[in-house]
Structure formats: C-alpha cells, structure tokens
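Chains as they are written, first to last, in our numbering: chain V, 1 to 189; chain D, 1 to 189; chain E, 1 to 434; chain Y, 1 to 434.
Just so you know, the hints here were simulated from the structure itself, not pulled from any lab data.
Just so you know, these numbers come straight off a predicted model, no measurement behind them.
Careful: at least some of the hints might be erroneous.
Below 20 Å or equal to it, Euclidean Cα-Cα: the simulated EDC-like pairs (lysine to aspartate or glutamate) are [said to hold, decoys possible]:
{"#": "1", "chain 1": "E", "residue 1": "Lys328", "chain 2": "D", "residue 2": "Glu150"}
{"#": "2", "chain 1": "Y", "residue 1": "Lys347", "chain 2": "Y", "residue 2": "Asp267"}
{"#": "3", "chain 1": "Y", "residue 1": "Lys328", "chain 2": "V", "residue 2": "Glu150"}
{"#": "4", "chain 1": "E", "residue 1": "Lys328", "chain 2": "E", "residue 2": "Asp267"}
{"#": "5", "chain 1": "Y", "residue 1": "Lys347", "chain 2": "Y", "residue 2": "Asp293"}
One-sided and incomplete, this derived list gives chain D residues near chain E with beta-carbon spacing under 10 Å [to be verified]:
{"#": "6", "residue": "Asn147"}
{"#": "7", "residue": "Pro154"}
{"#": "8", "residue": "Trp166"}
{"#": "9", "residue": "Cys167"}
{"#": "10", "residue": "Tyr175"}
Glycine included, every Cβ here is placed at the ideal spot set by N, Cα and C.
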Amino acid sequence: MSRPEPHAIERLVDRWAETTARQLARGLSRRSLLGRLGAALAGAATLPLLPVSRVSAAPPGEPAASAPDGIEGPEGDPSSCQYWRHCAIDGFLCSCCGGSHTACPPGTTMSPVTWIGTCRNPADGRQYVISYNDCCGKSMCARCFCNRNEGDRPAYLPPKSNDINWCVAAPSTVYHCSTAIVLGVAADR
Amino acid sequence: MSRPEPHAIERLVDRWAETTARQLARGLSRRSLLGRLGAALAGAATLPLLPVSRVSAAPPGEPAASAPDGIEGPEGDPSSCQYWRHCAIDGFLCSCCGGSHTACPPGTTMSPVTWIGTCRNPADGRQYVISYNDCCGKSMCARCFCNRNEGDRPAYLPPKSNDINWCVAAPSTVYHCSTAIVLGVAADR
Amino acid sequence: MGVLGRPGGTFAADLEEALFVRIALVVLSACAAAIPAVAPVRSGADAATPASLPAETIGGVLAAPPLAPHQVWVADFVLARTAGFDGDSGQMLGMLPAGVGAIAPVFAQARNEIYLPETYYSRGSRGERTDVVTIYDAGTLAPVSEILLPPKRADIVHAMALATLLDDGRFLAVANFTPATSVTIVDVEERRLVGEVATPGCHLVYAAGPRRFFMLCGDGALLLVTLDAQGAEQSRTRSEPFFEVLGDPVTEKAVRRGDEWLFVSFDGLVRAVDISGEAPRFSEPWSLLDDADRAASWRIGGVQHLALHEASGRLYSLMHRGGPDSHKDPGTEIWVYDLETRTRIQKITLRNFLGAFLAQQIGMDGGVLLWLLERVVPSPGADSIAVSQDENPRLFALSRNAGTVGVWDARSGSFRRYLANVGIAPGALQAPWR
Amino acid sequence: MGVLGRPGGTFAADLEEALFVRIALVVLSACAAAIPAVAPVRSGADAATPASLPAETIGGVLAAPPLAPHQVWVADFVLARTAGFDGDSGQMLGMLPAGVGAIAPVFAQARNEIYLPETYYSRGSRGERTDVVTIYDAGTLAPVSEILLPPKRADIVHAMALATLLDDGRFLAVANFTPATSVTIVDVEERRLVGEVATPGCHLVYAAGPRRFFMLCGDGALLLVTLDAQGAEQSRTRSEPFFEVLGDPVTEKAVRRGDEWLFVSFDGLVRAVDISGEAPRFSEPWSLLDDADRAASWRIGGVQHLALHEASGRLYSLMHRGGPDSHKDPGTEIWVYDLETRTRIQKITLRNFLGAFLAQQIGMDGGVLLWLLERVVPSPGADSIAVSQDENPRLFALSRNAGTVGVWDARSGSFRRYLANVGIAPGALQAPWR
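Work out the full structure: start from the sequences and follow the hints.
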C-alpha cells in the first residue's frame with residue numbers, strides 16, 4: 001500500500017498544523033477546539049449532539065438497522081465483523097451493544113477524534129473514508145469483538161492506529177465500543 | 001441434615017452473644033475485637049500474621065503443597081474442586097492463585113471472620129470443621145472456581161453461608177480467592 | 001511541575017498551546033493519510049455511477065428503546081455490570097457498570113428510573129471505600145444523580161433481596177453487612193439519605209407495604225419494619241420462627257404476588273407469607289414434589305430457581321435430580337404450578353444451551369449444526385429463571401456456563417429463541433418492566 | 001444521620017455496640033452451628049485411631065517465590081491485571097490489579113520492585129480521573145508506595161513501549177497521549193514526580209542510556225531525549241526518517257540487545273538502531289524472509305511477534321501465511337535467527353493450544369485425549385511470544401483464544417508444558433527476571 005512521498009505529505013501537514021493550530025489556539029477552549037476540528041473532519045456543523053434519540057428512526061435490533069447500505073449477508077450486517085465498514089476496526093461493535101454502527105449505546109458518549117480507515121463498499125464499488133469513533137464512559141461492552149487492520153499503522157501514527165483507545169478525547173476515557181461512520185467517498189480504484 | 005432443636009441452640013447463642021459481646025465491646029476497637037474473636041474461633045494466639053513467608057516451607061506449585069493430607073488423587077489436591085476440604089467452598093481456590101489452601105496469595109490479606117463447613121477427611125475418616133477464609137484486597141483471581149454446598153445455608157444464617165463475600169472484615173472488601181483451613185476435629189460418624 | 005527543557009514559557013500556556021497543536025496534528029494528519037483517497041473523483045464518473053453514500057454525523061448516542069415487558073437484565077460479576085436484552089429481537093439494549101461487589105439494581109417504572117447501589121475503592125481494589133446509590137434515567141441509561149451511603153452495603157454473590165423499593169415508590173431499602181446487619185434507607189424522591197435501621201440477627205430486605213419491609217432472621221423468624229412518612233423507623237415486629245434454619249431452610253430467592261411472598265425450602269416446601277395485616281401470617285406449607293418426584297430425587301435448585309407470573313398465578317420452579325446440598329445445582333426442567341389449585345400443570349424440558357453457544361461461536365444461529373450440537377454436547381442445564389409480567393409472558397432461563405439465555409412462551413412453553421453471549425459470568429435475571 | 005427508631009442512644013456508641021454484638025453473633029453462632037460436630041470424641045477412639053489433623057493458623061499470606069528467569073507475566077484487559085506464572089511448575093505466582101486502560105508494568109530487579117502506571121476514575125468508569133505509578137515490592141507483591149501523575153498516560157491496547165525504566169534504574173518514563181504526546185518522568189529512587197517532557201509528533205518510549213530514551217515520530221523519524229541528573233530534559237535530537245511510515249512501517253514491538261534496538265517492518269525487514277553514540281545510527285536493513293518465504297506469503301504478525309535471547313543473539317519471530325494488513329494475525333510458526341550471521345537457524349511449529357485448553361477443561365492435562373484434541377480441533381495459533389534471558393532459556397508463546405501459554409526450550413525448541421487458564425483476555429507477555 002505504498003503511497004507517493006509520504007514524508008513530504010507528513011512534513012507539509014506538520015507545518016500546516018503548527019500554524020493553523022496555534023491560530024485556533026488563541027481564545028478557544030480545549031473542548032470547543034476538539035468540537036470544531038472534529039466537526040471539520042466529519043463535515044458536520046456542530047458537536048457533540050447528545051443525547052440524540054434515533055429510536056423511532058432505527059430502534060436497536062430492528063432489521064432496519066441491519067442492512068443500512070442495501071447489502072445482503074455479513075458484508076451488509078453492522079453486527080458482523082465482515083461488515084464492509086469494519087475493514088480497519090479494533091474493538092467491540094456498538095451494533096451489538098445497544099448502539100448502532102453510527103451511534104453510541106445509551107448512556108455513553110462518542111469520542112470526537114479518532115482513527116481513519118478506507119474501506120470498499122461492495123454495493124457501489126467505491127472506497128469510503130471511515131471514522132471509527134469510540135463510545136466511552138461505560139466499561140467494555142464485551143460483545144462482537146472485531147479486529148481488522150486494513151491500512152492500520154502503529155501508535156506512532158495516531159490517525160491511522162486502531163490500537164489506541166480514542167476515548168482519550170471523551171469526558172471519561174473508559175472504552176465501551178466502536179462505531180464505523182462514513183465521512184465521504186475516497187476514490188474509485 | 002436436621003439437627004436437634006436448632007432454635008433452642010440459636011436462641012441460647014443469641015443470649016450468650018449479647019452478654020459476651022457487650023462486655024467485650026467496652027474499650028475494644030473493632031479490629032482488635034475482630035482479631036480476638038477470629039483468633040478464639042481459629043484457636044490461634046494472634047491475628048493477623050502478615051506477611052508470613054512460607055516460601056521455604058512450601059513454595060507455591062511444589063508437589064509438597066499438593067498432597068498435604070497424604071491423600072492421592074483429586075481428594076488430596078488443594079488445587080482440585082474435589083479436594084476433601086472444599087465440601088462447602090464457593091469461590092476461586094487460592095492454591096491456583098499463588099497462595100495455598102491455608103494461606104493467601106502474595107499481597108492480599110486474609111479475612112479473619114468467615115463461614116464454616118464440616119468435611120470428611122478420607123485419610124482418617126474423621127469429620128473436620130473447615131474455615132473458608134477469603135483472601136482480599138486484589139481483584140478476582142479468576143482461576144479454579146469451585147462451588148460445593150455441603151451444609152450451606154442462605155445469607156440469613158451468615159456463619160453457614162458461602163454466598164457471602166467474607167472480605168467484609170478485611171481492610172479492602174474486594175474478593176480475590178478462598179482458603180480451606182482446618183479448625184479441628186468435629187466428630188466420628 | 002514545569003515543562004522540562006523549556007525554561008522560556010510558563011507551564012500552562014505552553015502546554016495548552018502544545019495541546020492544541022497536537023490535536024490539530026492528529027486531526028489534520030488524518031486528512032493527510034486520506035489525501036491519496038480524497039483525490040477529486042472524475043466528474044464523468046459521478047454522472048455514470050449511482051449516488052455515493054452521504055457523509056454521516058459524528059457524536060450520535062441512541063436512547064434506550066421504550067420500556068417493555070420482554071426486556072431482561074442480566075447481572076455479570078466478572079464484567080461487573082448488568083446488561084439489558086430484548087427477549088424478542090435478541091438485541092442488547094445497553095448496560096450499567098456496577099462498581100465492585102453485589103449487583104442489585106432496582107427498577108422503578110413509575111419514575112422511569114433505575115437505582116443502582118454501588119461500592120467503589122479509590123484505587124479500584126484498594127484505598128478508600130465509597131458506597132453510593134446511582135440513579136439512572138431508564139430512558140437514556142445515563143446517571144442523573146448520586147446519593148452517598150454508609151460504606152456498609154452487603155455483598156452476596158447473586159444479590160437476591162439486597163435492595164428493594166418500598167411500595168410507595170419513595171423509599172429504597174439497602175441491606176448492610178459489616179458483619180453487623182442493618183438497613184440503609186434512601187429517599188429517591190428527595191434524593192437524600194434518610195438513615196440506617198439497626199436489625200441485629202436479621203438480614204436481606206423484602207418490600208412489604210407502602211413504607212414497610214421485612215427481613216429473615218438467623219433463627220427462622222421474620223422481622224417486619226414499618227417506616228414513618230419521613231422514612232424513619234416507626235415500629236418493628238419479630239415473628240416466631242416459621243421454618244427450620246438447619247432442618248429444611250427456605251431459600252432467600254422468594255417471589256411476590258400482591259400481599260403474599262412465596263418462599264420455597266430446600267426440600268421443595270412452599271411457605272407463603274401474607275403481609276396484608278399488622279403482623280405476618282404464615283399459611284400451611286405445601287410441596288412442589290409428590291412421592292414419585294422424591295423417589296426420583298427431584299429437587300429445586302439453582303442461582304435463581306423460582307419465578308412467578310402474577311396475573312395468571314403460575315409459579316415456575318427450576319428442577320434437577322440430585323442429592324442433599326444440591327440446592328445450587330443447575331436445573332434440567334422447569335416445572336409450572338397453578339397457585340390456586342397448588343398443582344403442577346406443566347413441565348418444560350430445557351434445551352442444550354451449550355450446543356447453542358458453540359453453534360453461535362461458529363457463526364451458526366440455527367439449522368442442522370445447531371440441531372446436531374444440541375444433541376452431541378453435554379447440556380449444562382439452567383441456573384436462573386425469570387418471567388415477564390405481561391399478558392403474553394416470556395420465560396427466561398440462563399445457563400451460566402454457556403453465557404446464553406433461552407426464551408420461552410411462558411404459557412405454552414414453546415421455545416422462542418436464544419440470547420447468546422449475554423456475558424462472561426452471568427448470574428441473576430430481572431424482567432422488571434410491565 | 002441517626003439510628004432510626006432508637007431515640008435513646010447516640011448513633012456512634014449505639015452502632016458500635018450493635019456492631020460488636022453482630023460480630024460476636026457471627027463468630028459464636030458459627031460455633032453453635034458446629035455444636036453437633038464438636039461433641040466430645042470418645043477417649044477410647046482416640047487411642048485406637050491415628051492422630052487427627054492439627055488446627056491450622058488463620059491469617060497466613062504467602063510471599064512471592066524468589067525472582068526467577070522462567071517466571072512469565074501475562075497482561076489481561078478483561079480482568080484488568082497482570083498475573084505471574086512459573087514456567088517450570090505451571091503455578092500462578094500472584095497478580096497485580098491494573099486499574100483501567102493500558103497494563104504496562106515495569107520490572108526493576110535491581111530494586112526488587114515493580115512499577116505499575118495506573119488510571120482510576122472515582123466511580124470506576126466515570127467521575128474524576130487519577131493517574132498514579134504504584135510501586136510494588138516484588139517479594140510480597142504488595143503496594144509500598146504511590147506517585148501521582150498528570151492524568152494523561154497513553155492507553156494503547158497491548159501497551160508496548162508505554163513505560164520504561166531508563167538504564168540508571170532511577171528515572172521511569174511514561175508515555176502520554178491526550179491526544180497531545182508527551183512523556184512523564186518519575187524518580188523511583190526519591191519516589192517523586194519529576195515532570196513532563198513535551199514531545200510533539202513523537203510517541204512511545206524506549207530506554208536508550210542511563211538517562212536517555214527515544215520515541216518514534218509520525219514521519220518515521222526517531223526523537224532522542226537526554227535528561228540531566230535531576231531528570232529534567234537536557235537535550236534532544238530528532239533524526240531523519242529511517243523507515244517508511246505508509247510504505248513499509250516498522251512495528252512498535254521492538255527488542256533490545258545492549259546498545260542496539262531491533263525493529264521489524266510489516267514486510268519483515270530488520271531495522272537496527274544503534275544508541276551507543278550521541279546520535280542514533282541506523283544500520284542497513286536485512287530481511288527475515290527469502291524469496292521462497294515471500295512466494296509462500298509468509299509474514300510477521302501478532303500482538304507481540306518478536307523476542308530475543310540477548311546472550312546467544314538469537315532472534316525469535318512469530319510467523320504466519322497471510323496477505324497485506326495481516327500484521328496482527330496469529331502465528332503458526334516461530335522462526336529463530338542468529339543475529340551474527342543474520343540467518344534463520346530453526347523453525348518451531350506451534351502445537352494446538354485450543355486442543356490443550358479443551359483437554360484441560362475436561363480435566364485432562366495430557367494423554368490420549370490431548371493428543372486427539374490437538375489434531376481434531378482447529379488451531380488458533382499464537383499471538384504473543386517472549387524469551388527468558390538465562391543460559392537455559394525458555395520460549396513462551398500465548399494463544400489468546402485458548403487462554404493458554406506454551407513453554408518451549410528456547411535453544412532446542414523442544415516443548416516443555418502448557419500454562420492453562422492464564423486469563424480471560426490475555427495479551428502481552430513479559431519474562432522480566434534474570
């Protein structure tokens with residue numbers, strides 16, 4: 001999976017981040033900064049949106065939640081380790097814990113920052129950028145453990161490392177389960 | 001296992017205890033009282049004896065510790081649930097946790113008060129009174145779980161109940177494992 | 001504490017800034033890592049191919065589904081939690097971490113709350129002890145309040161009768177054991193600790209009226225305690241012993257039907273306690289076993305061997321064949337009794353949970369393999385049972401070894417489904433909602 | 001808070017007394033329960049029958065056995081502990097509870113101590129966070145001291161390179177992640193927190209001299225930090241990138257041989273870092289795989305895929321056949337290399353841990369059944385390996401699924417024994433003593 005000039009990219013980003021972040025830093029609280037950066041990354045307007053009741057829309061355990069991307073079988077089942085979005089996940093699947101593949105179980109909070117994977121959606125053949133946000137503040141769910149490592153890197157490259165407990169940015173860093181949220185299309189291959 | 005006039009016995013003990021305890025109460029701290037009562041029950045002079053290094057005498061895991069009562073097979077093996085002394089135990093066997101059937105694993109403390117069983121020693125055919133003192137202060141050992149219930153009673157009769165966490169009388173009530181200590185001969189049958 | 005090797009800046013400002021920089025780096029380099037990916041998609045492709053999945057929102061948290069009778073909660077002493085499951089869909093609903101020691105949640109439908117007595121040590125398994133009642137919103141499963149308790153709450157492995165809400169729904173009674181026995185009273189309406197009732201010689205708590213509870217004493221007596229409007233003790237009555245503690249003791253795993261509490265003894269005698277009056281009334285005991293049953297050495301047993309469907313007056317008893325002292329052994333059958341006629345009206349033979357568990361491990365939730373495994377693998381039997389209280393009741397039975405709950409139609413006895421992987425060391429079951 | 005319904009006495013005195021009474025009741029009624037038992041034994045019987053077992057002492061606590069090279073410690077993230085086992089006798093030695101998050105004990109033989117960075121929340125999984133280093137006496141496995149840390153320590157699942165003692169044995173370095181990266185320095189001699197070193201862009205800690213450590217940076221560079229005599233940062237050097245982060249990254253699971261740290265890349269390249277000089281020196285990488293191996297798609301992989309026997313210069317690598325991104329997959333073979341000649345000198349094919357586990361569950365630790373099960377049950381392979389550093393070294397390999405550690409003679413490769421039931425979710429191995 002070698003990519004062109006990774007070091008150049010890294011250094012570019014480092015310099016960019018130094019400037020950007022120091023500007024952002026002025027007059028911003030840690031949490032709101034996390035919120036904004038997280039939102040920017042997610043393309044969402046505000047963060048966090050808790051509590052959001054999506055029960056009416058998609059009650060846990062209803063088939064509705066089971067094939068959200070119109071794919072039959074394990075690749076379309078968020079409670080399966082083979083679900084296409086799980087190509088770089090490491091943890092308990094929130095879909096098995098009272099949450100869904102995009103929302104946390106009741107009473108937990110979602111960590112705004114996390115690691116990123118790129119997975120292929122068998123339904124449209126596209127590569128998608130997936131954000132594996134952890135749900136935090138309750139002890140481990142201990143159901144549907146799943147570890148897949150496409151593009152995973154060791155912890156010295158945090159944004160690509162699924163070994164890290166990403167509850168680091170949540171009110172409680174205690175890990176409960178992991179989601180798999182689509183951030184957008186990556187590229188056709 | 002019906003015994004003569006249990007209620008008479010109970011009431012007798014109640015009255016006796018009321019008097020004795022109230023006398024003992026005067027000028028005694030809770031812990032030293034526990035110590036004395038525990039010692040009286042155990043027939044030992046002082047309590048607690050921590051830390052006691054019995055490594056030289058019986059290092060954990062040496063065969064020496066495996067057949068302390070000269071019995072072959074599981075009935076003579078303190079790390080087996082079939083060990084004769086375990087007839088009323090409920091918990092993790094300290095012999096599997098770095099302790100022995102009579103001593104706690106390193107870094108834990110033994111609860112001075114506990115529940116009592118009466119088990120038959122196949123070596124001499126005698127019935128022995130066994131004290132199942134819990135070891136406390138570290139999270140569960142999680143090895144060699146064993147539950148046998150000869151003479152066990154529900155928690156409303158504490159001294160005969162193996163459901164109770166007897167670390168209640170230790171500095172930390174967190175349960176780690178259970179021992180099976182001979183207090184003395186009960187009676188021939 | 002200064003930031004080493006940076007004599008220039010003050011710690012706070014310096015670190016704060018470093019912090020922001022790091023956060024930015026993490027997030028932005030995430031984009032970088034995705035750079036080869038986010039290369040512009042050729043416009044032509046867009047027109048040709050179906051619409052792509054939209055970007056989704058980060059931060060969502062589900063509410064718990066509406067309270068329903070077929071929801072069952074399973075305590076787990078290794079995971080130190082109680083977890084809720086939907087008996088119909090099989091889905092996990094959520095969980096409550098429970099600190100150290102006994103897991104004794106009290107479910108209060110009228111207030112849409114769950115009261116969880118908890119114990120914590122400042123260093124997990126050592127240090128300073130703190131006991132609290134944590135109040136959870138049953139709709140969000142999030143803690144909304146906390147009430148400090150004297151650090152005395154009892155720790156009994158399967159937490160039967162350790163905490164109960166009195167019938168007025170206001171006062172919570174929590175059993176203490178130090179090894180002195182007492183009861184802590186909490187006002188869940190005013191969110192305050194009321195105090196402690198000393199109850200020498202008697203243990204465990206059973207609700208027995210708007211502001212009344214009873215306990216079982218070491219000699220087989222029953223202690224009835226009435227509280228006043230503020231939750232302070234108003235009066236107490238201690239009955240004569242109503243069962244033989246050493247001879248044929250009742251288990252503490254009782255079920256309640258209105259003004260009647262039903263206890264069952266090791267030998268299968270049903271001892272009913274009527275709490276409608278000033279003093280408790282004990283009716284003549286009757287047996288779950290006939291001579292044939294005894295001859296075949298059938299006994300009651302399990303972690304939680306008794307369940308009741310109030311409306312229909314059906315009593316469910318977990319049964320096994322075994323010797324004396326087998327009162328905690330798992331059951332192979334569930335016997336159903338009609339409380340009016342005091343007769344057994346049904347036997348439900350339990351399926352092989354372990355076979356189901358193994359099949360599930362292999363990724364098969366049904367079909368031939370399950371059928372085969374259920375017959376090949378030795379059956380561990382069931383340890384705990386519970387029954388829902390709706391007019392279409394479910395019977396839940398847990399196998400601890402298999403970590404699996406079986407669900408039956410409580411009236412017809414027909415098997416409905418398995419709930420697999422409910423925990424690592426599951427114990428007691430609760431089906432609290434109506 | 002008063003004792004309800006007892007307006008007479010004050011709370012304290014009253015409760016204290018009640019307490020004593022209860023304790024007495026518990027202990028004394030214990031005797032009562034034993035009354036039928038303690039009926040006097042007929043004197044005649046005494047003479048006739050062999051001497052009875054003497055009364056034993058209550059309160060005994062074992063010390064840990066002497067530190068020995070064949071002792072292996074196994075971290076478990078469900079049980080939140082690390083537990084020690086004797087690789088020869090198979091016995092568990094004891095355990096250290098580890099709070100929440102990463103389990104990264106540091107073993108200091110020179111001081112006969114174990115340093116355990118821990119995180120606690122005031123309510124277990126919520127509330128106020130407290131980070132500490134708990135200092136254990138390695139002889140008693142009891143905590144003897146505690147040092148408060150900034151609540152920032154990193155939590156990475158298998159805790160590789162999260163904490164290390166620098167070579168002078170005085171300064172402990174603990175990696176932080178908030179997600180800002182930094183390092184907390186602790187003086188274990190003076191039992192005090194020294195402070196924090198900000199290390200933007202670099203993570204994880206590796207000892208690299210008396211008062212020196214290095215970290216790996218997001219661009220593949222190495223950051224070398226030197227402390228002064230008080231533990232404050234004296235200087236830092238950041239190298240050029242020495243490996244390709246996206247192309248062929250090294251794992252963080254490195255092993256050290258004197259002045260040389262050995263990293264291995266996903267594709268099996270050994271990248272040695274020499275830390276003897278002022279700046280790190282990177283020698284020419286060499287591959288664990290030849291063309292035939294690559295053709296057969298052999299790869300390194302596992303939770304902890306690398307181990308070393310320093311004296312003999314033998315490198316042990318956990319290998320499996322798999323595709324790209326399989327760097328965490330369990331291994332089926334352990335390949336042994338001679339570091340002088342950089343050649344593979346041995347292959348150890350792993351036995352079937354799961355078969356051993358099942359046999360053990362059924363109560364058979366050997367014999368025909370084990371032999372059979374090892375051949376019938378699919379083998380899960382091994383996730384972690386470690387090697388002892390004595391002249392008669394042992395090779396330890398853990399199967400997480402089986403919860404079992406296999407023990408081999410590290411030189412001959414001959415199998416010695418299994419350590420069964422080492423935990424519920426075991427992960428990393430440490431064989432710290434010499």
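Give me the numbers of the hints this structure contradicts, sorted from smallest to largest. none
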